[in-house]
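Residue numbers (the working numbering), protein chains in the order written: chain X, 1 to 259; chain P, 1 to 990.
Don't take each hint at face value.
[Said to hold, decoys possible] Here are the in silico distance ranges between beta carbons for each label pair:
| no. | chain 1 | residue 1 | chain 2 | residue 2 | range |
| --- | --- | --- | --- | --- | --- |
| 1 | P | A630 | X | G236 | 55 to 63 Å |
| 2 | P | G422 | X | A111 | 54 to 62 Å |
| 3 | X | G148 | P | R103 | 43 to 51 Å |
| 4 | P | E839 | X | E187 | 27 to 35 Å |
| 5 | X | P43 | P | G422 | 18 to 26 Å |
| 6 | X | R165 | P | S2 | 31 to 39 Å |
| 7 | X | R165 | P | D13 | 14 to 22 Å |
| 8 | X | E146 | P | W649 | 31 to 39 Å |
| 9 | P | P783 | X | E187 | 53 to 61 Å |
| 10 | X | G236 | P | A364 | 53 to 61 Å |
| 11 | X | E146 | P | T47 | 27 to 35 Å |
| 12 | P | L104 | X | A210 | 51 to 59 Å |
| 13 | P | W649 | X | G236 | 25 to 33 Å |
| 14 | X | A210 | P | T974 | 52 to 60 Å |
[Claimed, not checked] Below, in silico cross-link-like pairs of lysine to aspartate or glutamate (EDC-like), each with a Cα-Cα straight-line distance of 20 Å or less:
| no. | chain 1 | residue 1 | chain 2 | residue 2 |
| --- | --- | --- | --- | --- |
| 15 | P | K423 | P | D648 |
| 16 | P | K634 | P | D485 |
| 17 | P | K772 | P | D267 |
| 18 | X | K75 | X | E113 |
| 19 | X | K75 | P | E50 |
| 20 | P | K205 | P | D485 |
| 21 | P | K634 | P | E986 |
| 22 | X | K75 | P | D48 |
| 23 | P | K634 | P | D267 |
| 24 | P | K558 | P | D485 |
| 25 | P | K522 | P | E588 |
| 26 | P | K558 | X | E38 |
| 27 | P | K558 | X | D139 |
| 28 | X | K75 | P | E784 |
| 29 | X | K75 | X | D47 |
[Stated by the list, open to error] Interface residues of chain P toward chain X, partial, derived using beta-carbon atoms under 10 Å:
| no. | residue |
| --- | --- |
| 30 | R418 |
| 31 | R420 |
| 32 | A661 |
| 33 | D685 |
| 34 | I883 |
| 35 | L887 |
| 36 | A889 |
| 37 | R911 |
| 38 | D915 |
Rather than coming from a laboratory, the hints here were simulated on the basis of the structure. Note that CB positions come from ideal geometry on N, CA and C, so glycine has one too.
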Amino acid sequence: MTRPIALIVRAPGTNCEHETAYAWERAGAEPRIVRVDELIAHPALIDECDIVTIPGGFSFGDDLGAGRVFALRLKRALEDRLRAHVEGGGLILGICNGFQTLAHLGLFDAAGEAPTFSVTTNTPAGYHDRWVKLQAAPDTRCAFLEPGRTYLMSMAHGEGRVLFRDAAAENAALRAGQGAFRYVTGEDFGRDWPANPNGSMSDLAGVCDATGRVFGLMPHPERALRSSQHPAYAGGPDEMADGMVFFETAVTNAAAIAR
Amino acid sequence: MSVFRVEVRPFSDDPAVAGRLREAGLSGVQSARVVRVYVLEGALPATDVEQIAREALCDPITGEFNVLSPGSDQPQIDDTAIEVHPRPGVMDPVAETLLAELRLAGYAIDQARTAARYELDGDINRESLERVAYQTVANDCIERVVIGREPVAAAPRPAAYAFELRTVAIGEMDDRALARLSRDGGLFLTIDEMRTIQAHFRELKRDPTDLELETLAQTWSEHCVHKTLRSAFVYRGAPMPEPTWPDEPADDEPATVEIRYANLLKDTVFRATDELRKASRGPELLSIFSDNAGIVGLNRDYGVAFKVETHNHPSAIEPYGGAATGTGGVVRDILGCGLGAKPIANTDVFCVAPGDWPRDDLPAGVLHPRRVLRGIVHGVADYGNRLGIPTVNGAVVEDPRYLGNPLVFCGCVGLIPRDRIGKEARTGDHIVVIGGRTGRDGIHGATFSSAELTDTHADEFSHAVQIGNAITEKRVLDAILAARDAEGGCLFSAVTDCGAGGLSSAIGEMGAEVGAEVDLEKVPLKYVGLRYDEVWISESQERMVLAVPPARLDAFMKVMRDEDCEAAVIGEFGRTDAGEARLLTRYEGHIVGDLSMRFLHDGLPMREREATWEPMAFPSEPSVIQSGAALFEKLHQLLGAPATISRDWIIRGYDHEVQGASVVKPRGGRGAGPNDGAVIRPLLDQDLGVTLACGLAPELAAIDPYWMAANAIDEALRNTICVGGDPRRTAILDNFCWGSSADPEELGGLVRACQACYDFALAYGLPFISGKDSLNNNFALSPEDLEATIDQVKGRLAVAADDDVDMAAVAAYVARRVRDTGRLAIPGTLLISAMSAIEDVTRVTTTALQTPGATLFLIGGMPRVGFDANAALEIHYAVAEAIRNDLVAACHDVSHGGWLLAAVEMAIAGRRGIDLAPDAIRDAAPALTNLAAGYLVEARDSAAMREFLDVCGAPYVEIGAVRDDELIAMDYETTSLADLDRAWREPAPN
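So here's chain X without its partners, still in its complex pose (with noise of 0.2 Å):
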């Protein structure tokens, strides 16, 4: 089996490409970082790479909103360069600012539809660092999950609340099973915590297309590959962790669906 080329997109301001990439590359994956705009004059990389990421950050210190620059000049750019690598079999996936950023793509949506939903600043307001437990839907096609299955991951932003225009578009990203990730209780972190930290819709912590090949999540899967990231870790056997099977599970997904 050849190892599936896991393209990291980055931008000034982008923080987490280094960790991702480590991420990336334990999974089986093997890791390109590269520049937004080396990949702008050379678009053809992300028709050489099986899994497009866009890590987490402060891309352009999203000074017009979180990943809304980034998001334009992908637009710009490369925006159908992106749904046919999707359109191909290919995998997308946006953690923390890459998800605000994809959503301001319109990624989720289709070609030429106005976003459905934005990422936006959180409920109760203020950055909030703290580890979360979360569940896939049990029918998820997400192509980075396990259906059903529960994971504890970190996370840490003043944006991150999924909020849709309206009822009727919440229900039907939900029917469509675009729902994949969502916040559930059950884990101690904090006496007192909400699950869901910061009063998304429908607790969702994670949104995919419907194709389930592009992928956007608040959480930060790459923080969470070991149990000495736990923040209940004591010392001990260092042991494989949830981010870990997440990236894992995204790397048998490329390798399946073999380009």
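Dock chain P against chain X, hints included.
For chain P alone, kept in the frame of chain X given last:
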């Protein structure tokens, strides 16, 4: 040319803003909506502006927009909206990003500005609107408030600059004129220093240019050269304690002694490091005190660098910008260390006054402490988070004496390849400035930060305060590391950060040996109109200076372009005259400065300083606590006290997980309790670790700064050991923040603190590797504010107690000092930061209780004043050894609130209760008292632990056992852990 104003109005209100406005006196505000305002100028058709708003500015799911132009109908005109506009020249990162993006997309745009508009609903008191705005959502020194709506108009263009050489006729000045020049010019030089400069130029038979005078003032500032700590001292006062010889009889000791130091810093802090190095004790030292940061060995390939900076004065008048640029500055120190270290962790420590200070009793010129804390927290968070550096360790200290001078310590740790540590600017190397452009912001930062604050400082020095742009710095970070690691070798031969003193300090330092010449018109500017001397001393943020060999310049510039980091060649290293290095500056070919590097760096006159000290307050008897309910009530009270309360809202506002390397985090265990320090894994594919911890004890300063410093070191070491650090491979950093550098009493305390640094660093085997001091942390009160301030300080000191300090005596002493001097001085504060390299992160420990039934041991614990350093070290080593031998399941140091509070914190972290042994409360050290060399440990096997401690000879008491539920129990009485937890966690302020 046209001008448009785009307003983006969210669909939802901002309750936090409304709350803040109500709290500040606009009680009728029901709701507030925060509208983002963008002003665009250029040859833009209106249709373009609509498109820009839709594409880039407004998210249709969260808000709507409208576009205004001059003369267009302006909807919703009202006079209860507050608009906050940055003052001209203040950094506006959003506008910079927007401008760059729109130009790239092909829009004909010339200028962009932004503002925030607060649209209020409710019963609004128009008279107080502006005042409240400046107290809450705007800061006068960087922003202006408009009530209603500012008319849509083009921004005034700054006038172009026409060169004119300015000299200062210093030759004929008498002392009074020299003093006036120093004061009015913002030079902050002493009369001795002014006379030295005068003599130098008389010898040269010419007057200095304004630029030359400024260069000297910057380079000779306290901030840049640490002239106080490097001075000779004569100390007269009470004898120094001898903690390594505590058994010597003290009966025949004289009441006062005289001790001389040729150079206080060299004779204490540096000397300890020297002696330890000669004795081969402590970690492997790769670079100490010579570079921007200290570096110790990590493994065969890498070292770790650590630096902690203070950014007190700017944070006092603009907390958000001051703290953000403090973070930015220390990160650049790490980037400018060796040939560039990669920042891998940040630390932050804040000392502030209590947040419930009555607004009416706030002296003129002082921002409310709550606003200060909120601002500095957001500043550090916004900047550090954007850079992608985890903020993993810190502390908050509350004391009323920090009212006028809050302290902001920002630290940064970097990973550096061993073959990238040496650097040297060589003759012929290009001088290249990279990163942000130069503006009028940050002028006189170095001299300002060396001065005392007064009630008018916010006005006079607003230009010293800045807003940072973290993404510009992120570009600099990425660009430097890419150039450092370029194929075929590093593309530059030296680098330093452009911080205090701007280009004058950076180039003056780098070229100290070989000389330098600079053409100032080549420096990229934010806007036209800057004079040559302003370009030279501006401290605009996010700039670094590099020495680039000509053969590598093309490759270097390509890396800068790739990383979208602006770079300009502005001169050349290597300029000598008769064999002597010169610092030559030109503007459009005219020579505007020509200084001897020798005079610049060695010409500063040093004088001997007088230092006196006598004890003012004494340790008090720890309180005795009865068993049962009284104890639990006291526990609740202590958990909510400023020294111990959990500031989760601060910790969780920082990203402490980015880079995926955090192993021990600020909060840990199932119950998210407090950890003592942090452990990170600097190389993801290896098990090596770095521990970070800190210690400080300013509450002891009034008893004796000697013991204040000793306990800071002891606490930093305890915290290091508690997370699994190796006490034999630990390096420490000193940050002194002190009062007046002209007051012999203050200096007496400083000498004692320095002496303790020497004694304890040597006794404990902890070399200092880097340090930084900040002096003159005084606030000159205006006479009408004096009594109210004294009342507040006194009243608050008397209750803000650690029970081993007689705070009533401290309060009386402080009140007397404030009345005598008219100044509120901070307590002498020494922050000790500690770093230790460890072999294996799977051997860390945390505070969280693990196993029901396990026994809790109190190991060691001594009164904080007068303890024996050697005995303390044996305890430290015993605990570290026990952890290494895997005898310890959980470990916490004993500090504020004593061992009992430590036990409760361990219970909170592990979500497991404790059965307290009633005997222990009677037999062990006082349960609620802060101790030196004290640890609370959960044993994996109590018999093995007992045997180990007996063999070590470490004193211990068994104080209880872990329960399998969430109750703290003693003598058949219990209290619930959930209640204690809630008492401990401070809700986020609005």
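Okay, the hints, checked on the actual structure:
no., hint, result
1, P:A630 with X:G236: 55 to 63 Å, "violated (39 Å)"
2, P:G422 with X:A111: 54 to 62 Å, "holds (55 Å)"
3, X:G148 with P:R103: 43 to 51 Å, "holds (49 Å)"
4, P:E839 with X:E187: 27 to 35 Å, "holds (31 Å)"
5, X:P43 with P:G422: 18 to 26 Å, "violated (42 Å)"
6, X:R165 with P:S2: 31 to 39 Å, "holds (33 Å)"
7, X:R165 with P:D13: 14 to 22 Å, "holds (20 Å)"
8, X:E146 with P:W649: 31 to 39 Å, "holds (35 Å)"
9, P:P783 with X:E187: 53 to 61 Å, "holds (59 Å)"
10, X:G236 with P:A364: 53 to 61 Å, "holds (57 Å)"
11, X:E146 with P:T47: 27 to 35 Å, "violated (49 Å)"
12, P:L104 with X:A210: 51 to 59 Å, "violated (32 Å)"
13, P:W649 with X:G236: 25 to 33 Å, "holds (31 Å)"
14, X:A210 with P:T974: 52 to 60 Å, "holds (56 Å)"
15, P:K423 with P:D648, "violated (41 Å)"
16, P:K634 with P:D485, "violated (57 Å)"
17, P:K772 with P:D267, "holds (16 Å)"
18, X:K75 with X:E113, "holds (13 Å)"
19, X:K75 with P:E50, "holds (18 Å)"
20, P:K205 with P:D485, "violated (49 Å)"
21, P:K634 with P:E986, "holds (17 Å)"
22, X:K75 with P:D48, "holds (18 Å)"
23, P:K634 with P:D267, "violated (45 Å)"
24, P:K558 with P:D485, "holds (14 Å)"
25, P:K522 with P:E588, "holds (9 Å)"
26, P:K558 with X:E38, "holds (13 Å)"
27, P:K558 with X:D139, "violated (50 Å)"
28, X:K75 with P:E784, "violated (61 Å)"
29, X:K75 with X:D47, "holds (17 Å)"
30, R418, "violated (20 Å)"
31, R420, "violated (18 Å)"
32, A661, "holds (8 Å)"
33, D685, "holds (7 Å)"
34, I883, "holds (9 Å)"
35, L887, "violated (12 Å)"
36, A889, "holds (7 Å)"
37, R911, "holds (7 Å)"
38, D915, "violated (21 Å)"
Going through the hint list in order, the structure does not satisfy hints 1, 5, 11, 12, 15, 16, 20, 23, 27, 28, 30, 31, 35, 38.
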